[in-house]
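Protein chains: 2
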Amino acid sequence: MALIVQKYGGTSVGSVEKIENVAERLIAARKAGHDVVVAVSAMSGETNRLVEMAHQISDNPDPREYDVLVSTGEQVTIALLGMALKERGCDARSYTGSQVHILTDSAHTKARILDIDEAKIRADLDKGRIVIVAGFQGQDEHGNITTLGRGGSDTTAVALAAALKADECQIYTDVDGVYTTDPRVVSDARRLEKITFEEMLEMASLGSKVLQIRAVEFAGKYNVKLRVLSSFKEGPGTLITYEEENMEQAAISGIAFNRDEAKLTILGVPDQPGVAHSILGAIGDANIEVDMIIQNVAADSTTDFTFTVHRNDYERALDILNKTAKELAAREVVGDNAIVKISLVGVGMRSHAGIASQMFKALADEGINIRMISTSEIKISVVVDEKYLELGVRALHAEFGLEEVGLN
Amino acid sequence: MALIVQKYGGTSVGSVEKIENVAERLIAARKAGHDVVVAVSAMSGETNRLVEMAHQISDNPDPREYDVLVSTGEQVTIALLGMALKERGCDARSYTGSQVHILTDSAHTKARILDIDEAKIRADLDKGRIVIVAGFQGQDEHGNITTLGRGGSDTTAVALAAALKADECQIYTDVDGVYTTDPRVVSDARRLEKITFEEMLEMASLGSKVLQIRAVEFAGKYNVKLRVLSSFKEGPGTLITYEEENMEQAAISGIAFNRDEAKLTILGVPDQPGVAHSILGAIGDANIEVDMIIQNVAADSTTDFTFTVHRNDYERALDILNKTAKELAAREVVGDNAIVKISLVGVGMRSHAGIASQMFKALADEGINIRMISTSEIKISVVVDEKYLELGVRALHAEFGLEEVGLN
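Protein chains in written order, with the numbering used here: chain A, 3 to 410; chain B, 3 to 410.
These aren't lab readings, by the way, just hints derived from the structure by calculation. What you are looking at is a predicted structure, and each value in this text was computed from that prediction instead of being measured. Each hint should be verified, as a subset may be incorrect.
One copy or two, either will do: identical chains are not told apart, so a pair holds if it fits within one copy or between any two.
Below, a list of computed lysine-lysine pairs in the DSS-like style, where the Cα atoms sit at most 30 angstroms apart [unchecked claim]:
| # | residue 1 | residue 2 |
| --- | --- | --- |
| 1 | 112 | 122 |
| 2 | 20 | 389 |
| 3 | 129 | 112 |
| 4 | 167 | 235 |
Just chain A, with the same shape it has in the complex (with noise of 0.2 angstroms):
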């Protein structure tokens, strides 16, 4: 008998057969001997339904009735799913954020959680009740609504497994796992039966959308399992744990990529004291968020200065750039948004030497020229052209021995 939280997504509970599948799940949980504590996102499409009407308001809405309109998205779905069990013969509770005070700051739209009163899940879970919590709100200090911004219900879920000290969080998405890549770009990508939070925070935020980068850091720090599942079909998923002796120790994991970035480039700057700050101050101060930098040593007295932002940004950063250019007397500015970000990750590569020149040279045998490198201590990341996309993770999927073997 194990306390286990479970978190279903939107596309789990799109429809109210979706949210009959959930509940007949749940009960097959607590049938098995275990407590049971869900979270819920709000029903696929709900979200989008209720910001349309906001931004026929506003484009800018208030914030706190933002969240106050957002946060009944899982309020609906908490009382649906709670009425399936309750129809089922099972013992349930729902509760709203609030209602089992998921304490957060007041940061509306993407408040962050401090604390959350366990007590009252406990007593539900003595009297043998499934108890439901609505995923991405809670309140703050002064008993406002909040939300945690998109995709908060899994730190819903891994924060409530915290609190009740669960002895796994079940996250159920559409994928049935954490794969060596994606499986539409590699087709023999494998599944992995466990991946570290490092290597997790890795692959999330390079563009493996499994998980909320938020909830994996929240698991790593207060030592939650992780598990992704899939809603739809059967099977064990991906633990995400901390590194153990044991584990199976392949340098690489994983291969992650991402096809949204475009680079920028500062020629013949100045190079002196400040000049970084310069040049990603006046990008940051227009919320341009900015993913690689790259500064080589100087070969005069002037230096080159690269970074790459989302594609979305490319025109607005390439205008600040010609603007900061201008400001510094510096010689020139290019830009590209025709390039992809292809990286390793893997905690295997801190104890295996040369796995970059590997990489580098896995690239090299297709023709696939390299426009930047940076690295990490479990992650190597290359830019290159678009056009190579494919073709790269493909070839490095094959080179580090990461395609399904056998019947596994």
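Put chain B on the given structure of chain A with help from the hints.
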């Protein structure tokens, strides 16, 4: 400068544009120097959409979860209205029933308000904010979300007005006041400037569905001045208040009617104690509401017993009554579901003799046969054949001089 509570129903907030119109009205009231609190219903159609989903899951959805579900309807409205006010530069705060501690009993789907903590609302008013409260909902002492039943937003508004000792509670609806009778039946029906709580109760329960009965009772009990106005056209509406010395003392204020009646009679019942209970107990057990009840003095050792029910319950009531008739060895059961009830209502009746006979004569002059008669202190109701409804109402409207006069 007054403190005003306004209430807007589902059709008044039925679209984003209509919500924006409500925002304009609220700002106008604020600019006129008033403190403004507003209670709103769900956008029209929204509650039905939610209830439909619930009924896909269960014929009898769990009442606790039902309340969690349908209460989202008003929450959407308060948020959108809050945004619309903020967008227009007007400071405002929206609150769910739980957030302003509208404490109710635990009778889910038909809860009664016990208390409102007005401190939070007052604090906002003191800061010049318009306070928006979700109608129709509250929470019980355990923090469970409750709803007051359909139309309960009127009650929320009145309860807020009572708690805040508001100067007036204004119910905005799709009619511009309370009329002497339904203008669709009598074209020169007149809007009443004033009506007493008692009269309004009789009018409401008899089919003039302008206001929720419970809201009127509540307003009478706490002496809240209630005004019914149109959301869509300007005008003073109708004030519902206590009888005053200087109130116009017409004998009759209005004529109510009800098309949805059916009558059942059990003939030749032994005239002995407990018979009425035997008959109506079985009907009540089947959750059928009984309206008029008439038992004549016994002619011999048996008596006849007649009552009316909602037309939808007619067949069921007939089945039950047939069973009861067998048990009581009654002679016969007869029924008629092609009847209507017409009622004269007026506090003036108390001091005017001869109203009843004047009413009966007016109907007789039109050849209308009266099937049943029932009277209270301020109302006289008759049951007539369905086909006489319009004729009867028009005849009485003219007989008692209720038509619109001059430029009024």
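Hints, one by one, checked against the model:
no.: 1; hint: 112 <-> 122; verdict: both (25 angstroms within a copy, 25 angstroms between copies)
no.: 2; hint: 20 <-> 389; verdict: neither (39 angstroms within a copy, 50 angstroms between copies)
no.: 3; hint: 129 <-> 112; verdict: between (34 angstroms within a copy, 26 angstroms between copies)
no.: 4; hint: 167 <-> 235; verdict: within (27 angstroms within a copy, 59 angstroms between copies)
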